[in-house]
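Engineer: Residue strings, one per chain:
There are 2 protein chains.
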Amino acid sequence: MDNTFKEFLQEKGYKFTKQRQVVMEVFAEREGEHMTTEEVFHYAGKKMPEIGIATVYRAVSLLESIGFLTALTFEDGTTRYERRLEDEKHKHHHLVCNVCHEITEVNVDLLDDLEEEIEKTVHFHITDHNLKFYGICDKCSRKKEGEANEV
Amino acid sequence: MDNTFKEFLQEKGYKFTKQRQVVMEVFAEREGEHMTTEEVFHYAGKKMPEIGIATVYRAVSLLESIGFLTALTFEDGTTRYERRLEDEKHKHHHLVCNVCHEITEVNVDLLDDLEEEIEKTVHFHITDHNLKFYGICDKCSRKKEGEANEV
DNA sequence: TTGACTGCAAATCATTTGCACTACG
DNA sequence: CGTAGTGCAAATGATTTGCAGTCAA
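Order-wise, the sequence lines are chains U and C.
My numbering puts the first residue of the first sequence at 1, with every later residue one more than the last.
My numbering puts the first residue of the second sequence at 1, with every later residue one more than the last.
Keep in mind that a hint or two might mislead.
Unchecked claim - Subject to a maximum C-alpha distance of 25 Å in a straight line, what follows is the list of computed SDA-like cross-link-like pairs (lysine to any residue): (1) C:Lys120 / U:Lys18; (2) C:Lys91 / C:Glu25; (3) U:Lys143 / C:Glu116.
To be verified - Label pairs and their in silico Cβ distance ranges: (4) C:Glu117 / U:Gly146: 19 to 29 Å; (5) U:Lys47 / C:Glu102: 35 to 45 Å; (6) U:Glu116 / C:Asp128: 17 to 27 Å; (7) U:Asn107 / C:Asp128: 17 to 27 Å; (8) C:Gly77 / U:Glu102: 18 to 28 Å; (9) C:Val99 / U:His92: 19 to 29 Å; (10) C:Glu145 / U:Cys100: 41 to 51 Å; (11) U:Ser141 / C:Asn107: 28 to 38 Å.
Derived by calculation from the structure, the hints in this document are not laboratory data.
Every residue gets a Cβ at the ideal spot worked out from N, C-alpha and C, and that includes glycine.
Let's have the full structure, built from the sequences with the hints guiding it.
Structural biologist: Next comes the structure, spelled out in structure tokens:
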């Protein structure tokens with residue numbers, strides 16, 4: 001598995017260093033998580049205590065630029081990263097719970113029609129889009145009901 | 001017109017101060033612009049040189065909380081504000097040009113169906129959504145063509 | 001070997017906060 | 001008049017950068 005990581009970097013002309021490896025491993029071992037750089041640093045530190053946070057910042061932004069990661073920006077301004085899956089087509093969007101702040105994913109391809117419509121109407125060449133839904137997840141809304149009954 | 005501003009604040013129990021007035025005026029005079037707090041500060045300073053940036057930060061976030069403004073967060077992490085129009089229904093989305101960074105607006109209501117679908121499928125109660133399109137605006141793509149021809 | 005990469009600490013940038021002062025209601 | 005609101009400067013938090021030392025190719 002490490003080998004894939006190594007190639008990923010070397011194909012693009014970057015060195016495969018221990019710290020980059022560690023950062024990549026953190027993402028591989030935490031599929032589905034959306035981590036801030038601080039969080040990545042925290043997990044990376046468990047595997048390699050000497051790693052510096054500046055290095056993690058540099059690694060994470062490098063990995064984003066070469067397509068290993070995708071950056072997500074939320075309403076509250078925080079930036080989080082997720083591992084970019086191989087199948088690029090598979091565009092997904094995020095549901096952000098306002099209570100527990102958990103981020104889940106949904107697949108909706110309907111946006112393609114929308115883009116086409118906009119391109120024609122407004123003459124704007126769309127290359128990317130960003131859709132996030134905010135609300136309350138199932139878990140939290142059940143919890144709320146429970147609390148209400150306790151009164 | 002100032003009177004509306006005054007009421008807007010006083011109805012919610014806030015004082016109508018000169019600095020808040022100035023900030024509101026800046027937005028009123030720049031309909032359609034999406035400004036960072038720094039930019040608001042800059043324009044406000046022309047009307048009232050003594051105003052402090054901390055006050056502008058405070059004013060802008062107050063105005064957002066009482067519905068006079070809407071905050072927008074972009075991919076690059078910047079937060080910008082736009083004046084919230086009276087007709088809340090009128091949900092619009094943003095087109096962000098990657099070249100000139102100009103932000104334009106589009107109206108698309110199709111998202112409602114999408115939300116409904118998601119609510120049913122994933123059991124997530126959606127209260128808000130955020131959709132942005134990134135690409136190249138008409139103006140910039142024409143400019144690019146021009147440059148290509150110059151070669 | 002040697003330039004890319006790293007760790008560290010200092011710098012930067014956006015935003016927030018403490019505090020004494022001011023002015024709106 | 002009394003308190004919410006302000007200006008200023010210092011504090012904060014996230015991210016970046018300069019630099020001397022290190023290590024992958």
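Engineer: Can you name, in rising order, the numbers of the hints this structure does not satisfy?
Structural biologist: 1
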